[in-house]
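Respectively, the protein sequence lines represent chains A and B. Under our numbering, residues 1 to 285 are what the first sequence spells out, in order. Under our numbering, residues 1001 to 1263 are what the second sequence spells out, in order.
Hint data in this document are derived by calculation from the structure and do not stem from the laboratory. Ideal Cβ placement from N, Cα and C applies to all residues, glycine included. One or more of the hints may lead you astray.
Now the in silico label distances, taken between C-beta atoms and shown as ranges [stated by the list, open to error]:
(1) B:Asp1066 x A:Ser35: 33 to 41 Å
(2) A:Ala122 x B:Ala1117: 53 to 61 Å
(3) B:Pro1098 x A:Arg58: 30 to 38 Å
Rough simulated footprint, nothing fancy, chain A against chain B, three-plus residues with beta-carbon under 8 Å [as the list claims (entries may be wrong)]:
(4) 1002-1011
(5) 1083-1089
(6) 1108-1115
Listing some non-contacts, in silico: residues in chain B with all C-beta distances to chain A over 10 Å [stated by the list, open to error]:
(7) Ala1063
(8) Leu1065
(9) Pro1118
(10) Arg1156
(11) Ile1160
(12) Lys1195
(13) Asp1205
(14) Arg1223
One letter stands for each residue in the lines below.
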Amino acid sequence: MNDATQTPSAATAAASEPPRWAAGAGRPAVRVPISAAVWLPTAGSIAVFLAVWQVLSRFYPPLLLPGPAAVFGAFWDLFARDNLANAFATSIQSLLIGLGLAIPTGIVLGFLAGVSRPVERAIGPFLDALYVTPKIMLIPLFIIWFGVGTEARIAYIFVVSYFPLVVNTFAGVRSMRDEYTETARAFLAGPLEMFRDVYLPGSIPFIIAGIRLALGHAIVGMITAEMFLAIVGLGYMVVNFGNRLATAKVLALAIFVSLFGVAVTEFVKWSEHRLAPWTRRDTSS
Amino acid sequence: MDGLRVERVSKAFRRSPGGRANGGGSGGLHVLQEISFDVAPERIVGIIGPSGCGKTTLLKILAGLDSPDDGAAVLNGSPVTRPRPDIGIVFQLFNLFPWRTVLANVEFGLQMQRVPAPERRARAERLITMVGLAGFERYFPHQLSGGMQQRVGLARALAINPTLLLLDEPFGALDYQTAERLREELLRIQAQTPKMMVLVTHNIDEALYLCDRVLVFSPRPGRVTLEVEPRLPSPRWAHDVYATSEFTRLRAEIKALVMGAAT
């Protein structure tokens, strides 16, 4: 790209110097159709996986390794006879409440630690402790405190998802480059504007990465909590079918949860493109 | 009193808090020593000198981003002690906010000054057109070339309609042709809407081409060792001023001083 070809006139400037990828001035993105080179390796590996699974399942009784078709059938059973939708709704409810509490409070605490060294030093040991402690050790404690109901599951999901939110938000604030704060100061930004127009937008990519990590931890936490202390939800279903040696249903549930996790992660990635479009480098990514 | 008065500005940096004195008698690294000069309205003054001569420190003091140990910068009768709405600044590495579009970057200063949205939009769009970026309002900085980014930086500083425009090596990060093109446009803009400007640079040709007066700084501590007023045919962009005898004479004079000082 070369400025030398420009003239001071606006029209020729726009015409002579479009960015590499631009279709036209003012149109920020062009979608490129996904080519076979992109989806073929993924689709191929899934096909090979299913084929190997199918072959292996012929050598073992269904109790040990049901084939893909049996697991697919178990899926329908789960929906039709075992009320998977209901269990899923119960699980999702505690997931949403736990995350709904952890996301705003974690972001606020991360922000405070980012802008204030005393806050950073004050919460540092607790964050380190939270990071290294196997959170599963807290479940008996939550049972003592909250019983075996929804509250204990929410508390557990909150605890497992809190750390990445605080740490990522903190990193986002601390990574703010001096040149941006100095520029904002030169153009008369006050404390409110510095927060709203510099630190907050500058931290969004970090915060979203934190939310993505927190979601992963929260889904794991949701199932763990249900397996330990609930008589409801997907986790309970897994334990129940496991005890009854319903291998196909256990596998179907595992696949269901992983598909759910992938869908949620993709949604967060998509919302990052919406909330932080400046991080999109070009159309190929 | 109209104009900018820089009165005996000195600045030293402490090497380390409580540490031993270094470089000067009074316990610090002397960067600027009793700098004095005036800038009249609608004039461009250039400051040139070897790196480490305190040029950028001086510019930060003029912007109100840093404060002098002694002396003062006085703009239109009032001392500059903090960033002010009548001072605009253009940075060497553009310092555009990557999360803001071209339009939002140009609007930034006006937004900070609480200019109502419709007015600030209109002013930003006018400035974007003036720097030749009409049609690029919705682009993000990373989608633009370096030259285009600095056009945005210029528009952002001009949007607040400053009395004083500070330029910190504004074309230093650009390739030769792009920089030359932007210099010419800066002079055209200056001819249309004249402003008081202070330009910091290490490029002798750039200083002579753009400025009404050029101050040559010595190495640390920075002092003004030479002051020249290039008398070049006007408008400068319409003539090959680089080939004039005045230009070559001044360039040789400044070069001898700067290079001699550097060795």
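query = What hint numbers does the structure not satisfy?
reply = The structure conflicts with hints 1, 2, 3, 4, 7, 8, 10 and 11, although it agrees with all the remaining ones.
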